[in-house]
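K.L.:
Each chain, written out:
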Amino acid sequence: MRLLQRLASIVRWITGRDQAERDLDDEMQAFVEMAAADKMRAGLAAAEARRMAVLELGGVEQAKERVRTGRHGAWLDTVGRDVAYALRTGARTPAFSGVVVATLALGIGATTAVFTIVNGILLRPLPYRDPGRLVMLFYGHHGRVSPWFSPPNVRDYVGPSQAFTEAAAVAPVTVNLTGGGEPERLQGARVSWNYFNVLGAAMALGRPFAESDAQGDGLAVVLSDGLWRRRFGGRPDVVNSTTTLDGRTMTIVGVASRALRFPATAEFWQPLIFTSRELADAARGAQWVQVVARVKDTVSPGQATTALQTMADRLAAAFPDSEKDATLLVTPLHERIVGDIRPTLATLFGAVVLVLLVACANVANLLLVRGQARSREMAMRAALGASRARLIAQSLTESLVLGGVGGAVGAAIAVVTVRAVARLGPASIPRVADLSVDLPVLAFGLAITLATSIACGLMPALAATSGSSRRVVAPSSRGAVGAAGTRARRVLVISELAGAAMLLVAAGLLVRSYVLLQQVEPGFDPQGVTTFTLSLPAARYGDPDRPRTLVSALLSRLQAEPGVASAAVAMGLPFSSDLNTIAGFRHEGEREPDSASMPTASLRVVSPDYFRMMTIPVRQGRPFDSRDTATSPEVVLINEQAARRFFPARDPIGQQIRIGAELVSGGRSGPKTIVGLVGDVKYGGLDEDTPAEIYLPYEQQPVDAFTVAVRTAGDRRVSIASLRHAVAGLDPLLPLANVTGLPGLVDASLAGRRFTTLVILAFAGIAVVLALIGVYGLLAYLVDQRRSEIGLRLAIGAAPADVVWMFVREGATLTVVGLTAGLAGALAAGRLLASLLFAVTPADPATLVGVVLALAGAAACATYVPARRAAGVDPNEALKTE
Amino acid sequence: MDKLDIPQGTLDLMILTILAREPLHGYGISQRLAVLSREQFQVNPGSLFPSLYRLEQDGQLKAEWRPTENNRRAKYYRLTAAGRRQLERHRERWDRASFAVTSVLEGA
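For the record, the sequence lines run as chains H and D.
If you count by this note's numbering, then the first sequence holds residues 1 to 882, one letter each, in order.
If you count by this note's numbering, then the second sequence holds residues 883 to 990, one letter each, in order.
Keep in mind the hints are simulated off the structure, nothing from the lab.
Some clues are possibly wrong.
Claimed, not checked - No more than 30 Å apart at the CA atoms, straight line, and that leaves these computed lysine-lysine pairs for BS3-like:
1. D/K944 to H/K296
2. D/K885 to D/K957
3. D/K957 to D/K944
4. H/K64 to D/K885
5. H/K39 to H/K64
6. D/K885 to H/K39
7. H/K39 to D/K944
8. D/K957 to H/K64
9. H/K324 to H/K296
10. H/K39 to D/K957
As the list claims (entries may be wrong) - A few chain D residues that face chain H, going by a derived Cβ cut-off under 8 Å, partial list only:
11. H907
12. G908
13. Y909
14. P927
15. G928
16. P932
17. Y935
18. R954
19. A956
20. K957
Just so you know, even glycine gets a beta-carbon here, dropped at the ideal spot from N, CA and C.
Next comes chain H alone, as it looks inside the complex (with noise of 0.2 Å):
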């Protein structure tokens, strides 16, 4: 009741004001009058008694405005007001508060956004149920820890396991569709068919895998929503329909809901069932499936880790000779999902909360100089009656009315930013195209929108009110204000300083990173490549004589191609996204090498051409070529670090060796005689250690997956039709996928970390604009301040270049103390950007003097240009204006 007449009265205050503002008038002027008159009764004269009557009353004004602040509601009154007069001034100056805004759009913009990164792939939990107590599996072997596991090992390590509630195997599998449009390979996963319930996420549509979708050929697909709404026209009608998989019909049981993106490219699921002869004790060495699982709420990883490392120890113990000194790992699907780009995420929400603060300490610099210009007004409402604290509201309340309008923008950026890096970043980023603006987002924004406001505000509101009243009266208050304020700008622009030179060290490290990563060797020419890869689907190319026959009709028919110099096929093409077979082998006539000390090397399969085609140069021996035949003696190439690494004292050609895995089913497993030495060549990047390899001829490995390569002569180009209808010419129902070219493939390895120093680099370049306008912002107040001391100093005979000196020193001082700073906050912070570096050390002497030498030269510029104005004062004029 009391609660509502108090609104009621705020409500009337606030509607009622004018009238209110009337009735406080007159009634103040009827008790003066009233007073007045008596006091005339009592003898006195009519203007003594007035002025006695004022007196008395305290002052008129203050007197009103005590009835105003004491009355509910009165706050509100004050905000509104203070929002008005802010918005009133910030529109008188329409230049100062558009820098303002716009630094601090910017500065909030950019931080929100790159929040939103952050936010959507570290810190938003995955989007399954109870996602936090979902694992993955990691399986330590020859001193190398990798997410394979073979099936015997999953169903000896995982099923008997306490530690787990369920636990799934992931398969990735490429297939081709067909039926209902162009022929098209698709990227999926087989998984156990209780996958689902691992993972707890939802269906859209129909049902996930039941376990009699498990037995027999296992002929049921779940489709994912990207899928679904590409492929079949997001109709709800395809659940219990068919579609062809690889050849095979199959039943689409349901479609996943758009959340679920596990595997990252999975794009459709199919049961994973295992055959007798993959779950023999002798497979396993084939490690090709990984393992998720959900962990018991009574059991931690690392007790899980523990559980299963008992189990390992009785593996070991069981079969010494595959799985001697393994050891398993226990990590959170989460950290396995984004472990990788962890330090990138650090070090661009570390770069650009340093833009923040360099933002903010430009706009404090802006403010205080405003502060300055106006102290006059601020005494002079002290006089009046404004309480310190008071003023400081509403200075506060200018800064927060600025940092609003520039929150708001900044928030219309980030949303676009986002938008933008959803849609373009690099796919190397998990759960990148799921960014969103959500909850924690806004409150993240709203926060560091006030927290940036008050920030600027405070040490401005302070500075600007911190004189006493008496100020307004001094004629002339140019040389005894704002000491204070000087000293807080001093320090802010050195802060800027450091800020700026952080990042630019940082943005330095990067680029002299990339630069040196562009200029490495990928050990072959991609340079008019173009590739495409082919998946034999097994149901027409079983007999292994026919993908042999497909190669060479499709390799004649594309070498026939006007414009093609050669080509060839590849399983394991470099910057490919051909599966990379690791497997560990032995030299023939040798005994058989402990598990521990086996060596593994990385296998590629190629037609003979691959080499000619790639500009491999073949170091030793030959390459392969029409002697080698299907039924021909099995031979090998290797490259110049497996040679290194294998056959350190020994000439390697004319060595035989065994490999510990199949490629074909079936396949040819016998001794292979090393025939040939090619150069080493880049594989996964340009960043990574070459690995050891293992050529295999197509011919006697026809494996049913790989990558089809054609070199076109000089500039030529050859269009993808051609390719199209070369494959279709062979196999109608064969799609072409990834068609691309080999620089773009090169390239696009590239492209994460091209964005991370493309970012830093931005976020560099704006901290050192702002920084170089606080220092030229603060000299030339510096010069304009002690205008008539520069003009004394003149008059009675120093040298022009003595007075430009004097505030060069005091250029250089900031400058220095600034880079000193940052130099010292670079170097604290290397550790974080060290692993994002490429053969420079965060300490790189080069950059840190470049960086120096840059900031030092600019900052030289920006104090020269108000120094200079500083010889060119008047000493009349100046010492006039005193």
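Starting from the known structure of chain H, fit chain D onto it as the hints suggest.
P.N.:
For chain D alone, kept in the frame of chain H given last:
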């Protein structure tokens, strides 16, 4: 002679008491207060008016513009029913407090 400061929190009580007898305008209240306190208290209008406005907002006073005996227009305040209740409560508490204080002073 020095005037006394009005003790914290008693201004409202005195205003309500004065207005309980008859409606008055601001100047009248300040005069009445001076007379009734035997010139010991003189309320500063800078304190009086904020109190009046607050009491009015709280619904304890009601104000209306009326001509004075000298044919001026002035804003007269009068007690509402709520104001009367508040006065009783206030008065009772004051009596107890002042009795308590006196007891302490005399008993010491």
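K.L.:
Look at each hint and say if it fits the structure.
P.N.:
Here is what the structure says about each hint:
Restraint check for D/K944 and H/K296: not satisfied, since their Cα atoms lie roughly 70 Å apart, outside the 30 Å limit. For the suggested pair D/K885 and D/K957, the alpha carbons sit about 27 Å apart, so the restraint of at most 30 Å is met. For a cut-off of 30 Å, the pair hint linking D/K957 to D/K944 stands: about 10 Å separates their Cα positions. Distance restraint check for H/K64 and D/K885: the Cα-Cα separation of roughly 24 Å lies within the 30 Å cut-off, and the hinted pair is therefore satisfied.
For a cut-off of 30 Å, the pair hint linking H/K39 to H/K64 stands: about 22 Å separates their Cα positions. Of the pairs offered as hints, the one joining D/K885 and H/K39 holds, with about 19 Å between alpha carbons and a cut-off of 30 Å not exceeded. As the CA atoms of H/K39 and D/K944 are separated by approximately 29 Å, the hinted pair is consistent with the 30 Å bound. Between D/K957 and H/K64, the direct Cα distance comes to roughly 15 Å. Compliance with the 30 Å bound is thereby established for this hinted pair.
The hinted pair formed by H/K324 and H/K296 meets the criterion: a straight-line CA distance of about 28 Å does not exceed 30 Å. Proximity of H/K39 to D/K957 is assessed by CA-CA distance (about 21 Å); at most 30 Å being required, the pair is judged to hold. Interface hint status for D/H907: upheld, as the beta-carbon distance to the closest one in chain H is roughly 7 Å, under 8 Å. This hint holds: D/G908 has a C-beta 5 Å from the nearest C-beta of chain H, less than the 8 Å allowed.
Nearest Cβ of chain H to the Cβ of D/Y909: about 4 Å, under the 8 Å cut. The hint holds. With a cut of 8 Å, the hint placing D/P927 at the interface with chain H holds, because the nearest CB-to-CB distance is about 5 Å. The criterion of a C-beta within 8 Å of any C-beta in chain H is met by D/G928, whose closest approach is roughly 4 Å, and the hint holds. At its closest, the beta carbon of D/P932 sits 3 Å from a beta carbon of chain H; the interface hint therefore holds under the 8 Å criterion.
At its closest, the beta carbon of D/Y935 sits 5 Å from a beta carbon of chain H; the interface hint therefore holds under the 8 Å criterion. Among the interface hints, the one on D/R954 holds; its C-beta lies about 6 Å from the nearest C-beta in chain H, closer than the 8 Å criterion. Restraint check, D/A956 versus chain H: the minimum CB separation of about 5 Å is within 8 Å; hint holds. Given the 8 Å rule on beta carbons, the hint for D/K957 holds: about 5 Å separates it from the nearest Cβ of chain H.
The structure does not agree with numbered hint 1 stated previously, though it agrees with all others.
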